[in-house]
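Enquirer: The lines below spell out each chain.
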Amino acid sequence: MSFLTGENMTGGYGTADILHACTIKVELGEIVVIVGPNGAGKSTAMKALFGMLNLREGLVTLGGKDITRLSPQARVREGMGFVPQSQNIFTSMSVYENLEMGAYLRNDDISETIEQVFTLFPILREKARQSAGELSGGQRQQVAVARALMMQPRVLMLDEPTAGVSPIVMGELFDRILEIRDNGIAVLMVEQNAAQALTIADRGYVLVTGENRFTDTGEALLADPEVRRSFLGG
Amino acid sequence: MTEFLDAVVLLTNFVLVPGLTYGSQLALGALGVTLIYGILRFANFAHGDLMAFATMVVILMTWLFQSMGLGIEPLPTALIALPIGILAAILLSLGTDRAVYRFYRRKKAPSVIYILTSIGVMFVINGIVRFTIGPDDQHFSDGARFIFTARDFKEATGLHEGIALKLSQLLTVVTAIFVVLALFRFLQKSRTGKAMRAYSDNEDLALLSGVSPERVVFFAWVIAASLAAIAGTLYGLDKSFKPFTYFSLLLPIFASAILGGIGHPMGAIVGGFIIAFSEVTITYAYKKFLRYLLPESWEPESLVQLLSTDYKFAVSFVILVVVLLVRPTGIFRGRTT
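Which chain is which? The protein sequence lines are A and B, in order.
With my numbering, the residue at position 128 of the first sequence is 128, and numbering never jumps.
To convert, take the position in the second sequence, counting from 1, and add 234; that gives my numbering.
Chain A on its own, in the form it takes in the complex (with noise of 0.2 Å):
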């Protein structure tokens, strides 16, 4: 059993379902990403995975216990850490106070934690004072990562970190999110840019119709010239 693991999950937002018996698994130190077509339900699978959505079958564990009835409330607790595709920051917040919601929960002293924030995402400390509203698109995104990191998750879940950023940026971006797993954190993410995405991922999930099409290592899927026609664009 994975660290975390969403088996056989089914369910959708209203009576029609978008996941069918769709599985996904990540361990500590990996990064998993969830790739797939438009309407396919990759962020779907996550917001199973994170609760925001009820299962009518499945199961979700996390670490061993299972966490299927659990609130995203409770999940960010038990050590999971979710980052909204949009509207993931506190736009009128400075970023240090979007750091200090991100631990909201957290009793203890978090100034070791902000240090080490502030070390993997340097530009962070130079603007920590300034309002995160007025930051780049790119920078807003490492405020919303950082955010996450807060609550020092054992999972980080990333809906679309890349979304409306250049190339430039979406290839610092994934180094900061490889540096994160080598922390032996469990990374998961769905991804618009696939091709690129699979390139640092360790395993990828092939979604479709909220079924699993292809599991493999990113390189395998990359290598897969099914794979490459239908869902890479050659």
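Take the hints with a grain of salt, since some may be wrong.
Stated by the list, open to error - Between beta-carbon pairs, the in silico distance windows are:
hint, chain 1, residue 1, chain 2, residue 2, range
1, A, Gln116, B, Leu298, 24 to 32 Å
2, B, Leu328, A, Leu120, 40 to 48 Å
3, B, Val552, A, Tyr13, 53 to 61 Å
4, B, Leu325, A, Asp202, 54 to 62 Å
These are calculated hints, taken from the structure and not from any lab test.
Predicted model only: the values in this text are computed from it and were never measured.
No residue lacks a Cβ here, since even glycine has one placed at the ideal position from N, Cα and C.
Since chain A is already given, all that's left is putting chain B on it; use the hints.
Expert: Here is chain B on its own, set in the frame of chain A:
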């Protein structure tokens, strides 16, 4: 030279001092409205009547204290009754929230439902107030009336015009400064204050960060009710208490909050003063002022009053409409939805 000074003194006495006082009262009221909007996301139409309710409690307690011979000369007795008024306003707000608004919060009702609900709450509170103390004017200010009178000022300076400073005016401005500083310190520095700002900024992300919505809502009501009680009492001390006046204060208060950018505390304060000074400067008769500045032959025959004081609410209304047309987010770019 003295003519120029007389003109300045005249304007200070009839525009600057009343404008500052009225602006402080509006700012305190608008802060409460903006805070509720930021956290509960609806325009609270019951705020004016909440002010009236709290002031009514203060008046009743003032009468009780007066009959017991309790007082804090030269300050008005209402000041020692104010904490009870604040407490009553908080209890009423929390009670309404529990009985009415919480139901819609759980149903995740759209904000128009809240607005209509708050109008209902407004009528109920309005009824309670009129039933208890009656619809008439009540004066409850006691203690010293003036810090210095116009005559004191004239004798001290030798000018033709004087500046009078009422105790209630000084009290209003000093209290407003103190309350605003305390509120901003709370919002900027305290853990709960930051949680409130975060919740107002991005509700989903705040929930994800572990902010408890019920706790944030609780503090929003406590603060808004306290501000309403303070604003209402200061307004009543400065002018007089009449339930209908408090109801109609809703318009300039809403105009202040929207002009400043609703959901933005600093905007509420700036908006309050802009609305107050607009009202005062537009309804002031400039005849005497111009007489000091212009040559005798140019002396105006009319009052040089742009708008009669009877129509002072038209000023707020016009500003409100213009802001909504031209810049609906307000000066400080508050929320629009």
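Enquirer: Does the beta carbon distance between Leu328 of chain B and Leu120 of chain A stay inside 40 to 48 Å, or does it fall outside?
Expert: Given range 40 to 48 Å: holds, Cβ gap about 43 Å.
Enquirer: Would you say the C-beta atoms of Val552 of chain B and Tyr13 of chain A sit inside 53 to 61 Å of each other?
Expert: violated (46 Å)
Enquirer: CB of Gln116 of chain A to CB of Leu298 of chain B, is that within 24 to 32 Å?
Expert: 60 Å Cβ-Cβ, so the 24 to 32 Å window is violated.
Enquirer: Does the Cβ pair Leu325 of chain B, Asp202 of chain A satisfy 54 to 62 Å?
Expert: Distance hint for Leu325 of chain B, Asp202 of chain A holds at roughly 58 Å.
Hints 1, 3, counting from the list given before, are not met by this structure.
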